[in-house]
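Generate the whole structure from the sequences, applying the supplied hints.
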Amino acid sequence: MGFDSLRRSLLAGERVVAFTRAEGGELGARLLVWPDGRSEGTLRDPELDRTALGLATADVLPATGLREIESVEVFVETYEPLPQLFVVGAVHVAIHLVHFARQLGFRTVVVDARSAFATAERFPHVDELVVEWPADYLARVPLHANTYCVFLTHDEKLDNPALQVALEAGVRYVGALGSSRTHSKRVAALRESGLADELIDRIHAPIGLDLGGRRPEEIAMAIAAELVAVRNGRQAAGKR
Amino acid sequence: MLDILSDVDRWRADGQRVAVATVIRTVGSSPRPLGSKMAVSGDGGIAGSVSGGCIEGAVIEEAQSVLEDGQPKRLSYGISDELAWSVGLTCGGEVEVLVERIDG
Chain Y
1 MGFDSLRRSL LAGERVVAFT RAEGGELGAR LLVWPDGRSE GTLRDPELDR
51 TALGLATADV LPATGLREIE SVEVFVETYE PLPQLFVVGA VHVAIHLVHF
101 ARQLGFRTVV VDARSAFATA ERFPHVDELV VEWPADYLAR VPLHANTYCV
151 FLTHDEKLDN PALQVALEAG VRYVGALGSS RTHSKRVAAL RESGLADELI
201 DRIHAPIGLD LGGRRPEEIA MAIAAELVAV RNGRQAAGKR
Chain U
241 MLDILSDVDR WRADGQRVAV ATVIRTVGSS PRPLGSKMAV SGDGGIAGSV
291 SGGCIEGAVI EEAQSVLEDG QPKRLSYGIS DELAWSVGLT CGGEVEVLVE
341 RIDG
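Heads up: the protein sequence lines correspond to chains Y and U, in order. All residue numbers for the first sequence refer to the working numbering, where the first residue is 1 and numbers rise by one. All residue numbers for the second sequence refer to the working numbering, where the first residue is 241 and numbers rise by one.
Since the hints were made in silico from the structure, they are not lab data. This structure is a prediction, so every number in the text was calculated from the model and none was measured. Do not take every clue at face value.
[What the hints assert, rightly or not] List time: in silico EDC-like cross-link candidates among lysine to aspartate or glutamate, alpha-carbon distance up to 16 Å:
(1) K313(U) with E23(Y)
(2) K313(U) with E26(Y)
(3) K157(Y) with E192(Y)
(4) K313(U) with E73(Y)
(5) K185(Y) with D155(Y)
(6) K185(Y) with D197(Y)
[Unchecked claim] Ranges of calculated distance between the beta carbons of each label pair, as one might list FRET restraints:
(7) R114(Y) with S316(U): 54 to 64 Å
(8) S305(U) with E14(Y): 25 to 35 Å
(9) G284(U) with N232(Y): 50 to 60 Å
(10) E301(U) with G37(Y): 33 to 43 Å
(11) E40(Y) with G292(U): 14 to 24 Å
(12) E68(Y) with S316(U): 17 to 27 Å
(13) G297(U) with E198(Y): 51 to 61 Å
(14) Q311(U) with R234(Y): 35 to 45 Å
(15) G255(U) with R8(Y): 13 to 23 Å
(16) E301(U) with R215(Y): 40 to 50 Å
(17) S316(U) with E14(Y): 30 to 40 Å
(18) N232(Y) with G292(U): 12 to 22 Å
(19) E218(Y) with G285(U): 32 to 42 Å
(20) R215(Y) with G292(U): 40 to 50 Å
Beta carbons are placed, not taken as given, at the ideal position from N, Cα and C, and that holds for glycine.
Set out below in structure tokens:
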């Protein structure tokens, strides 16, 4: 059933479309198609395979669901890459946030220049732990429309240059920890460095849905809840 | 799919057979979206879900024969179905699942 290939692709963050015959004697026959045109398996009908290949390599990928292809009922599943969450600042809140975010289906990366904080002992559960200047790191990894960035260092030297990289890359979500006063200072500094107001306005600050909590795990929960709201289209790209 | 992967990997590493049920059609209110998956192992392990808990028992039962003979099955559950009373699809919707054995 192509399970191993599908598994590999999902873990590698690739998009893939799976076609499965949903009726008749060939029930369960499966064709996997990657948007670059590679494929594996077969629906046991060359015409059906060809049409499916066309659907999966079109600009707009088919929605998940049953559909008739060449008069045969086929279940189509479009797998999108995992949303990825970059957490800048290996702080206490980040430890809890990584827990929640992974449960919620995010691939998680924690980056901090301070090796005393960014340790495997503190983050045994993160997908990737990076000790590097956050702005340099974000500038060299692929940031896409399914990328979420959270800034938690409370240190403008670490946060602000990295914030700028994330905002200019057009990621899905940017949130920054800090009070309204901290945020006003941050906005002034970002303006000073020439960032456009419309980009600065995209920062979610104060970060997180208002759950009224103050403990690190409560703040992490509020941030995680905001990530879910944004992922589900419940919050506009702007701040609350 | 990703929610069942770590369990499925572990079962397969232990040499167990594994079947996967996928929600392929829903009508009316249904708690799990299209593509939701539940995996069942030969030893009775369960990961993921295909409903709010109302049809899992029945699907797990059906999965036993799929685990044995490898023949995929398409199953329907809903209020129009006699099974509904015994299985108890309380949401009042209809759900269809495809059950298949993982053979690589």
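Against the structure, the hints come out as follows:
For the suggested pair K313(U) and E23(Y), the alpha carbons sit about 9 Å apart, so the restraint of at most 16 Å is met. Taken as a hint, the K313(U) and E26(Y) pair is honoured in the structure, with Cα atoms around 11 Å apart against an allowance of 16 Å. Restraint check: the Cα-Cα separation between K157(Y) and E192(Y) comes to about 14 Å, which is no more than 16 Å; the hinted pair holds. At most 16 Å may separate the alpha-carbon atoms for a hinted pair to count; K313(U) and E73(Y) meet this at roughly 14 Å.
Note on K185(Y) and D155(Y): the hinted pairing holds, with a Cα-Cα distance of about 12 Å set against a maximum of 16 Å. For a cut-off of 16 Å, the pair hint linking K185(Y) to D197(Y) stands: about 14 Å separates their Cα positions. Checked against the given bound of 54 to 64 Å, the beta carbons of R114(Y) and S316(U), roughly 57 Å apart, stay inside it. At roughly 33 Å, the beta-carbon separation of S305(U) and E14(Y) lies within the given 25 to 35 Å, and the hint holds.
A hinted range of 50 to 60 Å for the beta carbons of G284(U) and N232(Y) is inconsistent with their spacing of about 34 Å. About 41 Å separates the C-beta atoms of E301(U) and G37(Y), a value consistent with the hinted range of 33 to 43 Å. Hint check: E40(Y) to G292(U), Cβ distance near 34 Å, so the stated range 14 to 24 Å is violated. E68(Y) and S316(U) have their C-beta atoms about 18 Å apart, which keeps the hinted 17 to 27 Å range intact.
Taking the beta carbon of each, G297(U) and E198(Y) are about 53 Å apart, inside 51 to 61 Å as hinted. Take Q311(U) and R234(Y): their Cβ atoms lie about 42 Å apart, and the range 35 to 45 Å holds. Taken as a hint, the range 13 to 23 Å holds for the pair G255(U) and R8(Y), whose Cβ atoms sit roughly 20 Å apart. For E301(U) and R215(Y), the Cβ-Cβ distance of about 45 Å falls inside the hinted range of 40 to 50 Å, so the restraint holds.
Evaluation of the 30 to 40 Å hint for S316(U) and E14(Y) yields a pass: the beta carbon distance comes to about 32 Å. Taking the beta carbon of each, N232(Y) and G292(U) are about 19 Å apart, inside 12 to 22 Å as hinted. Separated by about 34 Å at the C-beta atoms, E218(Y) and G285(U) satisfy the suggested range of 32 to 42 Å. In this structure the hint that R215(Y) and G292(U) lie 40 to 50 Å apart at CB is violated, the actual value being about 32 Å.
Going through the hint list in order, the structure does not satisfy hints 9, 11, 20.
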